[in-house]
Amino acid sequence: MIEAKKFLQACIGGTAENPNIHDAVASARVIRATDTSVESGVRVTIPEMTGSTAAIRETASVAR
Numbered sequence: 001m002i003e004a005k006k007f008l009q010a011c012i013g014g015t016a017e018n019p020n021i022h023d024a025v026a027s028a029r030v031i032r033a034t035d036t037s038v039e040s041g042v043r044v045t046i047p048e049m050t051g052s053t054a055a056i057r058e059t060a061s062v063a064r
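Under UniProt numbering, the first residue of the sequence shown is numbered 1, with each subsequent residue one higher.
Keep in mind that a hint or two might mislead.
Ranges between beta-carbon positions, derived for each pair [said to hold, decoys possible]:
1. T45 to N20: 17 to 25 Å
2. V30 to K6: 19 to 27 Å
3. K5 to D35: 37 to 45 Å
4. K6 to R29: 23 to 31 Å
5. A24 to T45: 19 to 27 Å
6. I46 to G13: 44 to 52 Å
7. T36 to A4: 16 to 24 Å
Quick caveat, the hints were computed from the structure, so don't treat them as lab data.
Beta carbons are placed, not taken as given, at the ideal position from N, Cα and C, and that holds for glycine.
Work out the full structure, taking the sequences as your base and the hints as a guide.
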């Protein structure tokens, strides 16, 4: 029941509260950057990722 409510809220434009594909991509980018940094000894920056649930929550809290 809770999952259905979250799904319907997201469908009508509410905020997504569960991890999504953007979160998976963001995590993969962090892991790849970590590996690259360890191998090269150089700091690696990661471009900002929009669409992740963290970004959605951050945008929502700033808008309030």
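Structure-based check of each hint:
no.: 1; hint: T45 to N20: 17 to 25 Å; verdict: holds (23 Å)
no.: 2; hint: V30 to K6: 19 to 27 Å; verdict: holds (25 Å)
no.: 3; hint: K5 to D35: 37 to 45 Å; verdict: holds (39 Å)
no.: 4; hint: K6 to R29: 23 to 31 Å; verdict: holds (25 Å)
no.: 5; hint: A24 to T45: 19 to 27 Å; verdict: holds (20 Å)
no.: 6; hint: I46 to G13: 44 to 52 Å; verdict: violated (28 Å)
no.: 7; hint: T36 to A4: 16 to 24 Å; verdict: violated (41 Å)
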